[in-house]
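Protein sequence lines, in the order shown, are assigned to chains A and B.
If you want this note's numbering, it's the position in the first sequence, counting the first as 1, plus 758.
If you want this note's numbering, it's the position in the second sequence, counting the first as 1, plus 41.
For the record, the hints were derived by calculation from the structure and aren't laboratory data.
A portion of the hints provided could be inaccurate.
[Said to hold, decoys possible] List of simulated lysine to aspartate or glutamate pairs, EDC-like, C-alpha gap at most 20 Å: (1) A:Lys822 - B:Asp266; (2) A:Lys915 - A:Asp806; (3) A:Lys915 - A:Glu811; (4) A:Lys936 - A:Glu811; (5) A:Lys876 - B:Asp187; (6) A:Lys822 - B:Asp187; (7) A:Lys808 - A:Asp916; (8) A:Lys918 - A:Glu819; (9) A:Lys918 - A:Glu811.
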Amino acid sequence: MKRTLILSTAICALLASAIYAFGDIARPKPTPVEGKTIFYTGLTIVPDAKSYEARLQISQETLKRLQSAGANTGGSPSVVQNVMHSSTRTIVAGLFMFLAVSFAGVWFARSSQRRNHKAIAAVLLIAAVFGIGTVLVRANAGPPGYIRWQNLPQSLKDGKATSGGLNIEIVPGDENIKLIIPLRNPPKPGEE
Amino acid sequence: MERTANLPLAAWPVARPADRTRVSARLFAVSLIASACLSAALASWLPLQVSIVTVFLFAGPHNWFELRYFLMRLPARFGRSRNFFAVAFAGIGLLTLGYLALPALYYANVWSGENWPVAIATWNTLLLLWLAALVIMRGKQNSRRDWSWALPAAFGLCAVNWLVPDLFSLAIVYLHPLVALWFLDRHLRRTRSEWLQTYRRCLLLLPLLIVGMVWQLSGTPSLADDNGLAWRITQHAGGQLLPSVSTHLLVSMHVFLEMLHYGVWIIALPLIGASGAIWSTRTIPLTRRRGSFPKLIVAMLICSLFVVAVLWMGFTFNYPATRDIYFAVAMAHVLAEAPFLLRML
Numbered sequence: 759m760k761r762t763l764i765l766s767t768a769i770c771a772l773l774a775s776a777i778y779a780f781g782d783i784a785r786p787k788p789t790p791v792e793g794k795t796i797f798y799t800g801l802t803i804v805p806d807a808k809s810y811e812a813r814l815q816i817s818q819e820t821l822k823r824l825q826s827a828g829a830n831t832g833g834s835p836s837v838v839q840n841v842m843h844s845s846t847r848t849i850v851a852g853l854f855m856f857l858a859v860s861f862a863g864v865w866f867a868r869s870s871q872r873r874n875h876k877a878i879a880a881v882l883l884i885a886a887v888f889g890i891g892t893v894l895v896r897a898n899a900g901p902p903g904y905i906r907w908q909n910l911p912q913s914l915k916d917g918k919a920t921s922g923g924l925n926i927e928i929v930p931g932d933e934n935i936k937l938i939i940p941l942r943n944p945p946k947p948g949e950e
Numbered sequence: 042m043e044r045t046a047n048l049p050l051a052a053w054p055v056a057r058p059a060d061r062t063r064v065s066a067r068l069f070a071v072s073l074i075a076s077a078c079l080s081a082a083l084a085s086w087l088p089l090q091v092s093i094v095t096v097f098l099f100a101g102p103h104n105w106f107e108l109r110y111f112l113m114r115l116p117a118r119f120g121r122s123r124n125f126f127a128v129a130f131a132g133i134g135l136l137t138l139g140y141l142a143l144p145a146l147y148y149a150n151v152w153s154g155e156n157w158p159v160a161i162a163t164w165n166t167l168l169l170l171w172l173a174a175l176v177i178m179r180g181k182q183n184s185r186r187d188w189s190w191a192l193p194a195a196f197g198l199c200a201v202n203w204l205v206p207d208l209f210s211l212a213i214v215y216l217h218p219l220v221a222l223w224f225l226d227r228h229l230r231r232t233r234s235e236w237l238q239t240y241r242r243c244l245l246l247l248p249l250l251i252v253g254m255v256w257q258l259s260g261t262p263s264l265a266d267d268n269g270l271a272w273r274i275t276q277h278a279g280g281q282l283l284p285s286v287s288t289h290l291l292v293s294m295h296v297f298l299e300m301l302h303y304g305v306w307i308i309a310l311p312l313i314g315a316s317g318a319i320w321s322t323r324t325i326p327l328t329r330r331r332g333s334f335p336k337l338i339v340a341m342l343i344c345s346l347f348v349v350a351v352l353w354m355g356f357t358f359n360y361p362a363t364r365d366i367y368f369a370v371a372m373a374h375v376l377a378e379a380p381f382l383l384r385m386l
């Protein structure tokens, strides 16, 4: 009994000290505000030896789409953003999904006792087709965006144009237009 | 006998029933295809203008025809279907009131715009559960049917609805016009079974027309919605929910489907006799029931005609506001189609 009491006191003291230990953890740094992607388009970087100023050329159609996308930034977030930022709706959707799967299981068990084998086979077939389709679609996904920008330094040296995808983001503040190019470090000689 | 045998048969017109059926089926198919192609062409060419004119001309009358049709399909005595109709009418009433209350409560600042998706999702959930209840009740009326799949299906749709409530509501806007084609199918099966195969073959044209419209219009610039009416029409077709899709395509598609919907209710179903003789109330079973009030039914139909006239006047004096009110109140006829379609299955 005495030993148990001492052991319990020691555990409580250890747990209490943990609170103080956590109290020493520094405050998390405020996460920087991420830019909100409003539009996806293409970008071509063209070195021009004759120009004196950098120029940004935007076609009229792209500008219209950009204005339209910019106007909608406050009103219509994407579906994924919508779901991510609404925990209530996600919870209710999950609850209904749980109910759907549960009741479908009961229905499946009941109907398999009867005669509905063809319907079940059809459902399984459709599920399999969708699964295979998903695998195929994912397998056919294009290369990541940074691949197109890999040759940018060399192309700039050679005076060639380079094209690739571009997400246009709206960031808070009043800074200059910034172009961020996804360049991976080239492998150093001897690493390969 | 000899005289009969010697009659010159070649001089007689084609009188065999099979030939008559074939000719009438061909005429039916040609009418369907021509109507669908003309509707698609008009909707693609002048979407906003055709939308305004179509809703002005046909929105009210098609509701009157639907009311006339529903009255005709209502049994004189509910019998075993008493509970089914009780749930159906209660659902139509409460869901319509709820649908009308949503914008009213929003404008009364009862909730903020941020809660709007939750309110819409809740209403859609109630709609789906009501439909599932009707399907299960209808299924139980026949021992050979097992329609208990309706519950997991409804729950699955509820889950999708809670993830994307606005898009789910938009799907109802686009799918509702197609329900009329289902009604036509069921009636042809009952009254003109010889046309059914032709009709179903013609239906294959529908996805082709839709794909053709998408192909032609997906690259077109969006419609100029610089005035309130054009903005309302593009919003109703999902312009804000699908910003990457041209509103020209969205409005054209919606108008095309609406034209098919109006065509079925105002032309096709009355022509094949599904609505009975329009001015005769004898085809309405409720009027023949002992102790019923046939004059009340007649008065209801006449009052409905008056409402159609009021709707036309409203469209004339303030088209945008009347259009908003119409599409809110018209939810009742969208809901009413469900139980009557289930009764046909």
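Hint check results:
| no. | hint | in the structure |
| --- | --- | --- |
| 1 | A:Lys822 - B:Asp266 | holds (14 Å) |
| 2 | A:Lys915 - A:Asp806 | holds (11 Å) |
| 3 | A:Lys915 - A:Glu811 | holds (18 Å) |
| 4 | A:Lys936 - A:Glu811 | holds (16 Å) |
| 5 | A:Lys876 - B:Asp187 | holds (14 Å) |
| 6 | A:Lys822 - B:Asp187 | violated (54 Å) |
| 7 | A:Lys808 - A:Asp916 | holds (15 Å) |
| 8 | A:Lys918 - A:Glu819 | violated (26 Å) |
| 9 | A:Lys918 - A:Glu811 | holds (18 Å) |
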